[in-house]
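S.K.: Each protein sequence line maps, in turn, to chains B and S. In the working numbering, each number is its position in the first sequence, counted from 1, plus 41. In the working numbering, each number is its position in the second sequence, counted from 1, plus 10.
No lab work stands behind these hints, which were simulated from the structure alone. Where hints are given, some of them may not hold.
Claimed, not checked - What follows is a set of in silico ranges between Cβ atoms, one per label pair, in the way DEER data are often shown:
#1 K195/S to A150/B: 33 to 41 Å
#2 A302/S to S241/B: 28 to 36 Å
#3 V180/B to S229/S: 57 to 65 Å
#4 E189/S to P263/B: 21 to 29 Å
Stated by the list, open to error - So the derived list for chain B, only partly shown, Cβ under 7 Å to chain S, looks like this:
#5 S241
#6 V247
#7 L249
A quick note: this is a predicted structure, and the numbers were derived from the prediction, not measured. All C-beta atoms in this analysis are idealised placements derived from N, C-alpha and C, irrespective of residue type, glycine included.
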Amino acid sequence: MAGLAQERGRTSLVNRVRIGDWIFTALVSAAAAVVLLIIVGLFYELITRSWPAVTHNGIDFIWATEWNPPREVFNAGTFIVGTVVTSVAALVIATAIGVLVAIYLVEIAPPMVARPVSFMVELLAAIPSVVFGLWGVFVLGVFIRDDFGPRFVDVFGFIPFFDGTPLITGLLSAVLILATMILPTVMAVSRDVIAAVPRSQREGIVALGATRWEMIQLTVLPYARSGVLGAAILGLARAVGETLAVTLVIGNRVGIPHTIFDPAYTMASAIANQFTEVENDMHRASLLEVALLLLIITFLINVAARLLVWRVTGGQRVSVVE
Amino acid sequence: MVLDSEPRTAVDVTGETGTQSFQFQPQNALKAPAGPEVREEPGDVALRAEHVHAYYGQKLAVGDVSMEIYARKITALIGPSGCGKSTYIRCFNRMHEFTPHARVEGHIYLEGTDIYDPNVDATRVRQRIGMVFQKPNPFPTMSIEQNVAAGLRFTNIRNRSEIRDRVETALKQAALWDEVKGDLKKPGIALSGGQQQRLCIARAIAVEPEVVLMDEPCSALDPIATLKIEDLMYGLAERFTIVIVTHNLQQAARVSDWTGFMLAGEDGVGRLVEYRPTQDMFTNPREDRTEAYITGRFG
Numbered sequence: 042m043a044g045l046a047q048e049r050g051r052t053s054l055v056n057r058v059r060i061g062d063w064i065f066t067a068l069v070s071a072a073a074a075v076v077l078l079i080i081v082g083l084f085y086e087l088i089t090r091s092w093p094a095v096t097h098n099g100i101d102f103i104w105a106t107e108w109n110p111p112r113e114v115f116n117a118g119t120f121i122v123g124t125v126v127t128s129v130a131a132l133v134i135a136t137a138i139g140v141l142v143a144i145y146l147v148e149i150a151p152p153m154v155a156r157p158v159s160f161m162v163e164l165l166a167a168i169p170s171v172v173f174g175l176w177g178v179f180v181l182g183v184f185i186r187d188d189f190g191p192r193f194v195d196v197f198g199f200i201p202f203f204d205g206t207p208l209i210t211g212l213l214s215a216v217l218i219l220a221t222m223i224l225p226t227v228m229a230v231s232r233d234v235i236a237a238v239p240r241s242q243r244e245g246i247v248a249l250g251a252t253r254w255e256m257i258q259l260t261v262l263p264y265a266r267s268g269v270l271g272a273a274i275l276g277l278a279r280a281v282g283e284t285l286a287v288t289l290v291i292g293n294r295v296g297i298p299h300t301i302f303d304p305a306y307t308m309a310s311a312i313a314n315q316f317t318e319v320e321n322d323m324h325r326a327s328l329l330e331v332a333l334l335l336l337i338i339t340f341l342i343n344v345a346a347r348l349l350v351w352r353v354t355g356g357q358r359v360s361v362v363e
Numbered sequence: 011m012v013l014d015s016e017p018r019t020a021v022d023v024t025g026e027t028g029t030q031s032f033q034f035q036p037q038n039a040l041k042a043p044a045g046p047e048v049r050e051e052p053g054d055v056a057l058r059a060e061h062v063h064a065y066y067g068q069k070l071a072v073g074d075v076s077m078e079i080y081a082r083k084i085t086a087l088i089g090p091s092g093c094g095k096s097t098y099i100r101c102f103n104r105m106h107e108f109t110p111h112a113r114v115e116g117h118i119y120l121e122g123t124d125i126y127d128p129n130v131d132a133t134r135v136r137q138r139i140g141m142v143f144q145k146p147n148p149f150p151t152m153s154i155e156q157n158v159a160a161g162l163r164f165t166n167i168r169n170r171s172e173i174r175d176r177v178e179t180a181l182k183q184a185a186l187w188d189e190v191k192g193d194l195k196k197p198g199i200a201l202s203g204g205q206q207q208r209l210c211i212a213r214a215i216a217v218e219p220e221v222v223l224m225d226e227p228c229s230a231l232d233p234i235a236t237l238k239i240e241d242l243m244y245g246l247a248e249r250f251t252i253v254i255v256t257h258n259l260q261q262a263a264r265v266s267d268w269t270g271f272m273l274a275g276e277d278g279v280g281r282l283v284e285y286r287p288t289q290d291m292f293t294n295p296r297e298d299r300t301e302a303y304i305t306g307r308f309g
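So that you can see chain B by itself, here it is in the shape it has in the complex:
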């Protein structure tokens, strides 16, 4: 039989040993496993190394504010407040601007304008963190201390949180730098989810007599809202984890800030700032506990964001600048 097949130049039906296939499958599976191992390993290491601190610091770690390495009192309240306040404030600013830019790019700008503007906003994401930080200190910080801050306090100083002494570094500088850094993420994802709103939805409301603005307000934004929320949360994840630029501009002072000009501390900047000069083993373990907390928070935020964006765009891949 085989002879006949060979005679006619036919392919044999007998199973071949496909060693190449086997190696390839093993290779790609291994690569995928490495990614998984890294995540698992990261969690494992953080948990085991910070465990002494977890038992030593107790549940107070999350809300108490005293952080005193010599006395071995470690509570992350200050860092958590700093992280939450800077991230949320930056997120509000970046989302407001990012969504407006996204609407402009999708609904209003002609392609000749939309493409370069889109590109430039995405370019913001490519600027290294340290450059943002330096700019924040030497340009933004100086501007806040000398020009913006004093005038702002003169006018709005009577409102709580809006008074105080403007310095180069402080909460406001950190918020503005963070907002600039997460703007590309929020803008790019919002742009994609807004562009994914079906044409039939837009035509449906326009055929009823809606203006362009009414169309955006009544169908485009409601349709895209969970995706825009996802965009905002992706930005939040970035803001929460951002380290270098924030460390340079936030002032790094333990204590709850009382005004927008006060220096503060975030979880990421605390780790970056103190890791090279730990005073005792408990100090190191406590910093690792901060890191563990930070990892869990960013992990959860990312999962939530991707689920939301994925739902809106119907499973399509969304370009995320990171």
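Please build the complex by placing chain S on the supplied structure of chain B, with the hints as guidance.
M.R.: For chain S alone, kept in the frame of chain B given last:
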């Protein structure tokens, strides 16, 4: 019903502008031929299209189509794919220009006012000439009630009970009321495809337009849902002028009073071949091309 927008002279239908267009008789406007075979009285003219050309960028898609749409009649536009019938129907409510780089040349008169007059506000035109699309497109974030009331936001109707009445009336006219009256707060997309399309019809008629344009409204529906829509069209025609684009010849024959046959020439430009009372058109077509199409020899 008057479009209450600022340039009143342009849209006021009660003024002297009304007479002007009725006097205007372009020579190649396709009018009902006089003769014994006309069983359908033309009646009042709701829309008069004159030399309508529709472009996508530089490409001419519909060339020089003139026709009169008669009030409270159902007018069907038929023709093979790519003949420009969907493009043409979108000219009647200025939806064609919503497509990027698309534009229209020519005139369409609604009660004597050219809707392509530069002073006319396209959003006002669309309030008076409603549209139902090929695929049901209810707004997913709105309830059934909010879907039907969506167009009322652009009118001066603010009174809650009046909105409720309008919603109920529209849903009844769209033959959907009995199926959804207990579920008005449920999302519109929870309905079946046929129900969604009737919801979209209710949404279009809730603002009480004069004309309802339907662009292949049944092409995404099953035969039973299609029949329901066809049934309700007869009722709608008592109050509204209906223009329907369909690729289903039987549907055109069943529902319409007048039929226009469009065909794209070798240059790719869609033109109106023949426009006559439906019964005439289907029993006694004048043009060979019409006969070839309706007997299934092409298309």
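S.K.: Hint by hint, where does the structure go against what was stated? Just the numbers, ascending.
M.R.: none
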